[in-house]
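The chain contents come next:
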Amino acid sequence: MPLLILLVVPLFAAVVLAFVGDRKYAPEINITGSAATFLAGIALALDVYNNGPMLAGNKFFFVDAFNVYLAVLTSFVSMTTAIFSRRYMRREREHGRVGHWGMRFYHAMFQLFIFAMLLCLLTNNVGVLWIAMELATLSTVLLVSLYRTPTAIEAAWKYFILCGVGIAQALFGTVLLYFAAEKVLGEGGEALLWTNLIQSSGKLEPTILSLAFVFLMVGYGTKVGLVPLHNWLPDAHSEGPTPISAVLSGLLLNVALYALVRCKAIVDGSTHTHYAGNIMMGFGIISILVAAFSLLRQKDIKRMFSYSSIEHMGIATFAFGLGGPIATYGALLHMLVHSLAKSSIFFTVGHASQMHRTQDMDKIKGLIRGNPLVGWGMMFGAMAIVGMPPFGIFTSEFLILTATIKDAPLMTPFLLLGLAIAFAAVFKKVQPMVAGEIPSYQKSMKVAHLPVLLHMAIVLAVGLYMPVFLNQWFHKAVQILK
Amino acid sequence: MDIQTTAQIINFLAAMVLLTAFGMLVQRRIYGLIHLFAWQGLFLSVSTAIVGYAAGRHHLYISSVLTLALKVILLPYILNALIHKLKIRKEIETVVNVPLTMLIGIALVIFSYSLTAPVREMSTLVTRSILAIALATVMIGLLMMITRRHAVTQIIGFLAMENGLFFAATSATYGMPLVVELGVAIDVLIAAFIFGIFFFHINTTFDSLDVEQMARLKEGE
Amino acid sequence: MKFLPLLMEIMQLLLLLAAAPLFAGWVKMVKCWSQGRTSPSLLQPYRDIAKLFSKDVVLAENASWIFRFTPYIVFGATLLAGGIIPILSVDLPLSATADVIALVALFAIARFFTALAGMDIGTAFGGMGSSREMTIASLAEPAMLMAVFTMSLASKSTSLSHIAQTISQSDIHMALRPSLAFAFLAFVMIAIAETGRIPVDNPETHLELTMIHEAMILEYSGRHLALIEWAGMMKLFLFMSLGAAAFFPWGIAGAGNMAAIPLALIYLIIKFTFAGVVLVLIETGLAKMRLFRVTEFLGAAFLLATLGMLAHFILE
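Chains as they are written, first to last, in this note's numbering: chain S, 1 to 482; chain F, 1 to 221; chain G, 1 to 316.
Looking at chain S on its own, in the form it has when it is part of the complex:
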């Protein structure tokens, strides 16, 4: 039942919002819908926590510790983003950057996007997983180009084309997967169910699955934004409205990585080697290094944090590829804390760029004096994202680093190098923005406090003390992905 609510509410909200359009109360409906989704997510999580994994809807849905935690995270961040976007989008409307139709479109597509991501997470069918992933892309393409500026349209076109190409490879991989599974599981829908695939993965033909994984890796890897398939990501994440940047960076990347990890589990079961893991580690470490060096060269604030997302997704991909309980635990935690920290950073970035009417980092100054929440929020967000203790990202990165030293010692220097450069780059850029005097062109404005505070509090709390239920969740998820 919570499962049904979880999926129906955003879809229903999307339809309602499409009709409500630009009315005054549209943002409130958006928030209500997201909150209801979040509550349903909590209920589902409690259900799974108490009763273990469940299959529902004629085996169409499958919920276990791994995806339910991501579903709760998704619904939570989308709720806070909805709260944030209420003021933010209203101001964009006042500035004339978005029109009447733009607002209608924004709200409806936001909810549709949430629906697509949740469907992606909860479905048991590998084919539907692909469809939902494509739907998530399509629903955000026009949001990226919402401002209709030449750069926004270029970014959206790039996003559309490159992700379309990438995701097509993933479909080919899925076809190959089905090709192999059909012989073992018989024709029809049964052969694409993840639960069935994982059960009989030992019987699947390893050669075909190895080939399939290459395609799946390229396909979903494009969506995760792994180097060298990342070209679209900094553009798409920086040109759209900030709430969209927050959910794209904070949530969609996670969902794509989730899809990849699910597929890896099947391939591992068939090949019994570290083949898939090695590929993921390779992509991961290259992403970390390239993104870290790119961070140094950025001038646009949103672009910089997009590159930071690539780096962190690289870390998580690397950790999943490494395998083993510690690395997997670290990767799961990393997905959680990165998602929270990054979306909170984007909230403050959104406010900061609205205050200065620019995204150019050279022109943003004196944030702490101008607006303490935005300034300190960005400062602490940056500290969290580069992995300073006591924030949660420190914990996850520490776990991953420990596992690397143990299982792949040769990779350790590269990993450390990437982390160090990213650390230096982000600090070098953030510090001048938060410190200093208020420039003449800065405008003061009301900001949404709740989302930033809530996110940062959780990131900090997880770093200081791991709650028992979260810990158990992760342990269960690690068991699933073993």
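Because the hints were derived from the structure by calculation, they are not lab data.
Among the clues, some could well be false.
Calculated cross-link-like contacts (lysine to any residue; reagent style SDA-like; alpha-carbon spacing at most 20 Å) [what the hints assert, rightly or not]: (1) S/Lys406 <-> S/Tyr275; (2) S/Lys59 <-> F/Leu182; (3) S/Lys183 <-> F/Leu125.
Calculated Cβ distances over 12 Å to all of chain F for the following chain G residues [claimed, not checked]: (4) Met29; (5) Ser39; (6) Pro40; (7) Ser41; (8) Ala102; (9) Phe112; (10) Phe248; (11) Phe313.
No residue lacks a Cβ here, since even glycine has one placed at the ideal position from N, Cα and C.
Model the placement of chains F and G on the given structure of chain S, informed by the hints.
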């Protein structure tokens, strides 16, 4: 019809799909491209129906009709209407270095063939060799998207890629589950809606559908 | 050597010599009909050749031996090519020694000397024609070889007699082979280019901007011109027979089967009547293309032939 004859017919259609893919790769006129795309869809649709008949999987008939409706009638119609409205029906695109593109295309076919060789050996289906053609069609679509600079052409490349995928899904494996095929079809439809909007946005913003002009987003700017 | 194959060989060569102008006449006739004109008689090409033979040869002052020998070489090479292709029967002594690659080489020799002769006199037109001819040849020959290889892959031999035999004995599955279909399409395109028909070249005009073959032989007269014209008709005839032998070999008499010759002749007449109509349809349906488009035309032929070969490996 015995199984060998049907396999032969399907192989023939596969070759035609590949041929249309190559045709699209070098076709300059947008109008001609849409025609080729429609032909490819038709070959795909017929081949799907024949596979469905030969393998006794009747849900493939639905896929076949779906392909016919979507890829042979609806999408070409939408594209035609769009290029009519945007007044680019007669537009001729400069295609750089046709012979080289063709050679790369041929190399891609060989690459796909060797890549899918293990699958060929595993499979007992009569249509197993289709997989190489399907992958080659996907790759050629990809090549087309890279070499072409016109928004409409890139989209047709994208759709041709989708055709290749669909071919892999129906002919090589006797069809994915129906729910997946329907979902993919809906995604393509939404994509069509989106690129239609995009054409207008690009055209009004850049005064042309040449995506070469979109080069503002560069590193370090 | 047995007597029968030798007889067959001689019969075939005589047929080639006699029937080539007839076929050229037929094509011209159909073309006239298609354009609503009154056509010359079927025998007009014979009269043209006879007239040319009776005329004196006018040689340019600086013509070397190459210019004088070329007509004989061209005629000889083309005639020899006729000995390789199974037109009536597969039982040919020459076909056993020379395969389809030799056939391509024979045509290449004829073309090489024509081009040399075109340049020999030193007129502007001759050089221009030669250069154009060689441009086309450099693209057409690889494509031709590719198409030929595809055919030989299907029948596992490069001997034309063997190819014809294998294909004529096969069933419907052979006819559906994509590799053969592609090879056939490529072959048709190459044949059009090689025999200088529209849309690559127009044999009927002497318009300096477009002509290719006619430019090279502009300086020939008398019996030299007669031989070259005759060889040109034979070449057209041979390409038609090659197409018939490789793709539609039904009716060609088997080894040692003398009785099947009359039937083979009837089949041949039907095939050629039909081929002439198709050729005219292609010619009237298409416009002569600009010279630089010809490279793309032949590139497409090469692509088709290569695809045929790939299709053979992938799909068959």
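Taking the hints in turn, this is what the structure says about them:
no.	hint	result
1	S/Lys406 <-> S/Tyr275	holds (19 Å)
2	S/Lys59 <-> F/Leu182	holds (18 Å)
3	S/Lys183 <-> F/Leu125	holds (10 Å)
4	Met29	holds (34 Å)
5	Ser39	holds (35 Å)
6	Pro40	holds (39 Å)
7	Ser41	holds (42 Å)
8	Ala102	holds (27 Å)
9	Phe112	holds (24 Å)
10	Phe248	holds (18 Å)
11	Phe313	violated (7 Å)
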